[in-house]
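Engineer: Now for the letters of each chain:
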Amino acid sequence: MFDAGKVIIGLVIFLVLITFPVWYNATIGNASYVPDPQIITTAPACVAPTAYMKASHMDLLNQWRDDVVRRGNREYVAADGTVYNKSLTKTCMDCHSNKAEFCDRCHDYVAVGQPDCWDCHIAPEGGAR
Amino acid sequence: MRFLVSLVAVLVLMGAAYFGSASSGGQYLFGVIIPYAAIALFIAGVLYRVLGWAKSPVPFRISTTCGQQRSLPWIKNSTLDNPHGTLGVLGRMALEVLFFRSLFRNTKAQIHGRPAFRFVYGADKYLWLGALAFHWSFLLIFIRHYRFFAEPVPGAVLGLQSLDGIMQVWVPSVLITNVLIIGALVYLWGRRLVNPQVRYISLAADHFPLLLLLSVAGTGAYMRYFSKVDLIGIKQLAMGLVSFAPVVPDGLAPLFFTHLFLVCVLFAYFPVSKLMHMGGIFFSPTRNLANNNRAARHINPWNYPVKVHTYEEYEDEFRDVMKAADMPVEKE
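Protein chains in written order, with the working numbering: chain R, 277 to 405; chain F, 5 to 336.
Think of the hints as simulated: they come from the structure by calculation, not from any bench. Mixed in with the good hints there might be a few duds.
Stretch-level coverage of chain R by chain F, calculated; a stretch enters the list once three of its residues show a Cβ under 8 Å from a Cβ in chain F [unchecked claim]: (1) 281-290; (2) 298-312; (3) 322-332.
In silico lysine to aspartate or glutamate, DMTMM-like type, Cα no more than 25 Å apart, as pairs [claimed, not checked]: (4) F:Lys59 x R:Asp279; (5) R:Lys362 x F:Asp234; (6) F:Lys232 x R:Asp392.
Here the structure is a predicted model, which means the values were calculated and not measured. Yeah, the Cβ is synthetic: ideal placement off N, Cα and C, and Gly gets one too.
Here chain F stands alone, though its shape is the one from the complex (with noise of 0.2 Å):
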């Protein structure tokens, strides 16, 4: 019952700024306190992860790679799977990055043939399109939604924007991304159901999550598409925000803080979740370091200097002691 705590949750938040925005004093406490709140902790938090992470030393070079590592100049090496440089590890990090390309490699064991079981490896590329789709939409999302922090807005949203509504169908155009990301985010929360294997492994920490960007996505899409809103005193507000001289315009709808708040707890809880792979991914020690392990030699950074005694200081400190008793030594 880890989804129902989730869904609970996130239905518990929607209620909140839905019903907490009625006075005019709880539209500022939606509109200006909470996003400043959340925004700082995001801010402090992504900044504490990331230097709490920067403090943990990698000492070795992990090679748990995919292809032929450089030795001698006649095997053929792989740049990008088993870099052993520079250029070859950004390579593989933009691929990873951008592209996931890890994730690219996803197997799916199964049983396969009756009466005679086989156990068969098979490519399962599903999880990689659907991440992939999913987190490109959120990304050009995300760039749209400057439209409502910037004046005049740069010409890169606007084009963006046309590109994303280039379908024309629907008033307002059906966005591309819209429809991907909810369609990607059902996708992804559905095999955490549906697939008992990982179902069995998916924590509340893994269905929240999907839950809360499953409501943004959708309150933004209803908005968009069905209710309709006041998108004027929107980027009143947000620009108010952006400026540091916060005003709460009359007339904003309840769903529109029910969206603000979303994304509001979806920012705080950044920082504390698995959400922030955003930064852990460009600290994957697999990916980020190149594969020079026999090339060049590596001292563990937490080797504490070793207090030796070698055969030399020990045979001057016994040297009378082991003449006396006849053994041999190297020096008289």
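So here's chain R without its partners, still in its complex pose (with noise of 0.2 Å):
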């Protein structure tokens, strides 16, 4: 092999770059950390179904938002009849009291970072209601 040394530390370099979360986790890192939201709530059911709100939450409270503020339309009627009032304060955080221990669990964990929402809503810090 010529250059052998050059070659070598180049190699090494790609792979430790290459592995990087392999040893991240094992050392600094939590590999088997899972979020754990905490929702306090005697409601029966969410405005719509659990994986359909995992997912594309930020699409309902867009829509709900730009409804309320743009055409001040505030009814939602869920897919089994139920009417609710579209605000995040008086509905959503009902059951989803707590940013630090529900929103922020799951944000955190796959960096989606801050919503926009407590740009003008005051963040709920939990406690009964």
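Build the complex: two chains, separate frames, hints provided.
Structural biologist: Rendered as structure tokens:
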């Protein structure tokens, strides 16, 4: 092999970078962590099925915001016919009452950053309502 | 129809993963077995190719350079284009790897003017711009994806992500690299279709990687901006893979498996394709060798010891005969 020293240094850098997730999680990280968002509720169901809310809640919240703020429409009819008030503070936060223990758990886990909600709304800090 | 073959190949791959991941066995195949196999092929393949190159000798300095070589002290030399030492070579390599300096010199030959035709070389920076936009976006997207492979997510990844989404349009924020990579790939593939000369020299091995990358970026962007997927489940799958305790959570979308499979195909295909220029650029003899041909002696490493018969030895052998024939000799 020619220039063995330089080639091996290059390959070691390549291997260290490409295996970053493996050694990071084995040393600094916590690979087995699973987020556990806390919900305090007596309500029988959410405004939409859990699977939909898990993946697409931002679409629903965005839709509600536009409906309320721009169109003045506050009525949301769920799939089962229940009518909800389109309101973050008066509907969502009744059950999802703590930002740090609900929202942030998953948002931090997959690093989706801080949503815009709290630019206008006061972030809930839990407690009975 | 070389591009059509590539297009069909990519569509078949997408279909295989989309429909193949419907059963739980299929999810294990596309979510665990294929990713492990692809990464193993990628790492082993890259090592094999690089070690193979390292075994090939480069006997002489190939000085296809663009600047004045260092010679006499009063002749100004070009340190970066025609380096004579290690530091200059490092500078030239850094500019090449990070900013594609030699592609920046790309020219286009055209016939101009009517009726007096003239053959004219003009600057053509679009290829350089497209390549730069694609490669940098791809690197940043690759680093951003560490958010699925590291817990807690490193601060650098978070910072990069918020910088990438600094435009704050749409929910979730449109990332600049997403727009750039798709635009650049469409351009880079488009020029292979539209420009007749480039189309003529484009093989399936040129079309396929571009289409594969386009399908990877496309499925990724579609999941992020339109269809939405269960990110918590995806991160659990990814974390299981990197901690060697694989789990396949329920309810992962077929589109996610499609995206993952296309990335696996990219990894597995990488070492056997032109994409190996990632490692190959470091082995470019016209870039990584200092031009010191006149200052230092370079000996061809595969020179075998040549058996020589010097005149002195010749004379020793034939001195008597030479003297008898009255031929002059050096030594009596």
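Engineer: Evaluate each hint against the coordinates.
Structural biologist: Against the structure, the hints:
1. Coverage of the region 281-290 of chain R by chain F holds [criterion: at least 3 residues with CB-CB distance below 8 Å; count 4].
2. For a cut-off of 8 Å, the count of residues in the region 298-312 of chain R with a CB near a CB of chain F stands at 11, and the three-residue condition holds.
3. Counting residues of the region 322-332 of chain R whose CB lies closer than 8 Å to any CB of chain F gives 4, which reaches the minimum of 3, so the coverage claim holds.
4. Restraint check for Lys59 (chain F) and Asp279 (chain R): the C-alpha separation of about 9 Å stays at or below 25 Å, so the hint holds.
5. Between Lys362 (chain R) and Asp234 (chain F), the direct Cα distance comes to roughly 24 Å. Compliance with the 25 Å bound is thereby established for this hinted pair.
6. With a C-alpha separation of about 18 Å, the suggested pairing of Lys232 (chain F) with Asp392 (chain R) holds against the 25 Å cut-off.
When each numbered hint is compared with the structure, no violation occurs for any of them.
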